[in-house]
Amino acid sequence: MNQRARLSLLVVQVLILSLLLGLLGRLFYLQIAAGPIYRDAALSIQSRDVVTPATRGLIVDSSGVPLALNRVGIAVTVDRTMIDRQPDKGVTVLRDLANLLDLKYEDVYQRTRLCGELPAGTRAGCWTGSRFQPIPITKEADPEIALRIVERSDQYPGISATPVSIRNYPGNAGLNGAHLLGYVGPLTEGDLAGENGRSYFRSEVIGKAGLEVQYDEYLRGTPGIRTVIVDRREAVTRTSQNSKPIGGNHLVTSIDARVQASAESALEDAVRRARASGYPSDGAAAVVMDATNGQILALASYPTFDPNSYERGLTVAEAKNLYSAKAGVPALSRTIQGVFAPGSTFKVVSVVAAAKAGYNLNANYDCPSEVEVGTRAFQNFESKAQGVISLKKAIAVSCDTIWYRIAFDEWLRDGGLKPRSDANDYFYNAAKGFQVGTKTGIDLPSESSGRLADREWRKSWYKENKDFYCNYKTRAPQSKQTAFLVQLAYENCLDGDKIRAGDAVNFSIGQGDTVITPLKLTQMYAAIANGGTLWKPTIGKAIVETDGTIVKAFEREKVGTLPTDKKTLRFLQSSLREAVVSGTGAAPFSGFPIEISGKTGTAEVFGKNPNGSDKADTSWFASYGPTKKPRFAVVMMVSQGGFGASTSGVGVRKIYETLFGVLGTKVASEKIIFPSGVPPVTLPKISPATKVKGAR
Amino acid sequence: MSLASQRINYRKSSRPSAFAGFDPILTIAVGLLLIMGTLLVYSATRNWYAANGLDPEYYLKRHVINILIGSLLAWGTTVIDYRLLRAYTPILWIISVIALTAVLIPGIGDERNGARAWIGLPFGFQLQPAELAKISIIVGMSLILSERTHDSDAAQHRDVMQALIVAAIPILLIAAQPDMGTIFIISIAVVTIIAVSGAPMRWVVGLILVAVIGSFAAVKVGVVNDYQVKRLQAFVDPNLDAQGSGYQLRQARITIGSGGLVGTGLFNGPQTSGRFVPEQQTDFIFTVAGEELGFLGSGFIIILYLIVLMRAFGIARRSSDPYGKLVCTGVIAWFAFQAFENIGMTLGMMPMTGVPLPFVSYGGSSMFATMIGFGLLQNVHARHRG
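For the record, the sequence lines run as chains F and W. Following this note's numbering, the residues of the first sequence are numbered contiguously, the last one being 696. Following this note's numbering, the residues of the second sequence are numbered contiguously, the last one being 1386.
Source of the hints: derived by calculation from the structure; they are not laboratory data. All C-beta atoms, glycine included, are put in the ideal place defined by N, C-alpha and C. Worth double-checking, as some hints may not be accurate.
As the list claims (entries may be wrong) - One side of the interface only, derived from the structure: several residues of chain F facing chain W at Cβ under 7 Å:
1. L19
2. A34
3. Q46
Put together the whole structure using the sequences plus the hints.
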C-alpha cells in the first residue's frame, strides 16, 4: 500500500462525507427553513375548491319589471388545457365543433384565444378569462347538439356541454337598455389577482359594464365553496370545507321599462327623420330624469347592440362592429360618455351670468343679424335680425347676437387679451355654478366629465399644444395644410393661451371648446325646474335581499345649488316656457295638452366625417314638464342631427307623450304611466315574472 | 508489504465461522435501511393500490421477497472463498457483457421510459443487467489493478489501460440503452478505484476531464436522448418542462419540504397517498421519507448511509490486500454516489436520473446488486479483521 493510494482513499472519504453532509444541509433548508412555503404549496396541489356560483340578483325597474334576470342555458365549452395538448392544437376538433354548432371556424377559434395571446388590434371577440377555465363557445346551445357532444366525447376531446345559468336581458316593454344594464362576463387574470381589491373564484362571472359592474358586489352574491382533497387523478379523497352559495341581492332601479323603451324608439325615430332630411345622424342620446330627486327613468343611447349578444357569444364581426366608427361605435354610451357642444341650450347659463353682471333681464335688447366682434363678424343663426326684443323673447327665438354683445362687453371689461387679475368672469363662474366640466356622479361606470373651456383650461391646453401649432407647417399632415387651418394654427400659436374675443362670445351661446354630456344638461335643466337644486343623477333606488329585506336604500343626494337668485330662476322658467309657446320649440309641441318648458340647441361641430364631408350640427332639445309643477326633465341629443327643434324636439315630445299618456292632442287617461303623476316611491315586489303594466 | 502479507496468511489459517465475519455496526445500519425501505415502499404503494382495487400489499410482499433473496446473496458473497471470488470474476464479467448485449435486442430487452434496460423473465420478473455490470466492473477492475506482473506496488499505465477496457465495454453497452444515471455512478466508481489503486495521478485527472468533455459533447452532438437533455434543462430551470420532469422535480421538492421537522407520520402523507410524485416506490422513495418522517426521519436515513460508508472506509483502510481494498473502494463509491444522486435529485441538487436508492428503493435487480455489494464489504472485512 503506497502513500499516494492511502491519501487518495482519504480524499475520497472526505469528499463523500462532505457530499452527504451537503445533503443533510439541503434537507434542513427544505424541511425546516423553507418548510412552511412547501407546506402551502403542497396544500394547493392537494386541495380543490369546487365553486357553485351564486344566482345573480335581478335588476328590476321601479315597478318591479325585470330588466335583467337569469335563465338556464346549455353551455358548450372548450378546455384550452386539453385541446392545446392535441397534436394539431385542437384545430380539427374546433372545426368539427364549428360545423356542429353552425358557426364559422374563425369565430370559434377567436373565442377560444386569450386576449393576451393575440396581437393588439386583432383581439375583437377574444376570451377575456383565463386559460384554466372552460371557455364557453355558446351558452344557448340546442339540447340535441349538446347531447351529441356529451355522447360522442371521443369525437370532441376537450369539449363539453353543461347546463349553466345565463344572464338574460328580457327586453320587457320592448326596451333594449344595453348601455344602461351592461353585461356580464368571465373574470380576467387581473380580477383574479385582486387588482380591484376583491377576491373572486375562477369560475365566477362578474359585471363588465353598466349597472352590472356598478352594482356587481351586491348582485353577485357569494358562491358556495366545497374544498376537497384530491389525488393525482383528481379523484376526491375527502371534503374539508363546505359552504352553500348565497344568492345575490336584487337591484331596484328608478328606470321605468315603458319610458326607457319609449325613449329608445323616440331616438331611433329622430335619427330616421334626421337622416331622411340628409343629416348623417351618427349617434343620439336621450335622458329622462325625475327633476325632484335626480332619479333616472330612462337613459338611451343610439346606436345600440343586443345586450344578450355577449352571453350568446360574440362573433368576430359583432365584436368589431361594437367599436367601429362606421357603425357609429355602438359600444359608446352617449348619454354619459358622449361630449358635445351644448349650443343654445347653454344660454340658461348665460342668463345667470348676465343677471350676476347686472343686466336687466326685463329690458329690451337689439337683436341684429350680426355683430362685429374685433375684426370678425359673428352672425345670428341663419343671419336673421329680430329687431329690439325682450330678453325673454330673445331666448325663446334663440337670438345669438344679444349674447355676443354682452359676452364681448364683459370680455373687454375683464381686460380682453390682457385679462385683469380680478376679472369678473361672470360667464365661466355661472357655468362652474352649474357644475359644467364636472362629472354628475351617476351610478354608472366611465362617465365623462365634459369640459369647461375657461381661462385655466385654455392655459393648460396651450401648454400641451403650443409646440404643434407653432410648428404647424412641419408637424401637420399635408392634407391639413389648408389656408384656413394654417391661419388658425398661427392664431393659436400667437395667443392660444388667452381667452380671445371669439372664444368669449362663442362660450355665451354654447359653442366652441366647452362640451357636456346629455346627462349633464338634463341635470342642469332639472335644477332650473326644481328651483335651483343640482341632484346627483341615480339609477339604483335600493338593494333588496331575495326575501324582500332592504339592504340599502339610496337617498337623493344634493350636489349643488345654481348660483343665482329666485328672480332669475323665475325668469329662466318663463323664458323656457315661452320658447315652447312661441319660440323655436313651438313647432314640435303644437297642440300638446300638457305644458312643457324647453330650449332648442343647434351646435356647430368643427371637423370632418370619415368620408370628408363637413360635420353636421348637433341637435339638442332640453326640457322639463309639466311647466307648473315640474316632475320630469327630458333631454335629447342627436349628433349630426340638424336642427334642435325638428329632430330632437319632436323626439322629446314623443317621450312626453308616453310619460303623460298623450295621444295626439289629448290625454288618454288609461295610457298615463304614473296615474298619480309621480313615479313609484315604494319598492316593488320582486319576481322574475312581473309583467309590464298598462299600454305603451 | 511483506509484513502485511504475513498477517493475512496468519488470519487465513484460522478460518472464521460462517457469520463471524459480519461487521455488526455495518450490518445493523444496513438492516435499518432495509426496514425503513420496506415501510416506505409500503406507504408509497398501499393507498394507491387499494384505491385502484388492487392488492395494497402487492409491492410490500415483493419487496420483502427481494430483501430475503438479497440477504441470501449477501450471505453467500460474504462467506464465499476469497480465491473462488477472484476465479469467478472473469465469468461474472462475461455474463454481464452478454446480458447487456442481449438487453439491446428487441424482443429480449424491454423498453421503458425511453431506455432499453430490462430483460423480461418468466413470472413477471425482470432483470436489469446494468446492476450486475456495476459489480462485475468493480471486481474486474480490482482484479486487474491488484494482480500485477511487475514489482511496483502501484498500478502502472498498462494495468490502468487494461482496467479501463474492462470498464469501458459494459459502459458503452449501457450508454446504448441509454441509462445515463448508471453510467454516471459507474464512472465515478471507476475513477475512484483507479485513484486508490495508486495509479499515476495523470490518469485520474485525465479521466475526469474526459468525462466532463464527453458529457458536454454528448449533449451537443445529440448522442443523449432528447428527454435527457430536457431533464438537464429542467434541473437548471424547473419551469421549462412544467408538465414533464420539471413537474416531477417540483412535486418531489414540495413533498419533501412539506414534511417539516417530524413529518406527517408514516402512512399519513397526503402528497404520497395522492401519488403526486411519480415512481415513488423506486426512484423517488426518499420523498416518502421526507413527507411522512420529516427531517428527523429522512435525516436519519442519510446518517445511516454515513455510518455504512464510514464503516466501509474502515474496512478498506484495514485491508492490506490490494484486491480487497479496491473492491471496497469501488463499492463505497457506488453506494455513496448512487445515494447522493438519488437523494440529491429529489432535493433539487442533482439533475433527474432514474437511479434507485440503495437498500431502500423497490426493485429486485438493484436490491440484489446492492446486497451483493454489501456482501463484498463483509467478505473483505471477514478476511482482514484487525
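Do the hints match the structure? See the list:
Hint status for L19/F: holds, given a least beta-carbon distance of 5 Å to chain W, under 7 Å. At about 6 Å, the closest approach between the beta carbon of A34/F and any beta carbon in chain W falls short of 7 Å, and the interface hint on this residue holds. With 7 Å as the threshold, the beta carbon of Q46/F comes within range of chain W, its nearest partner Cβ sitting at about 5 Å, so the hint holds.
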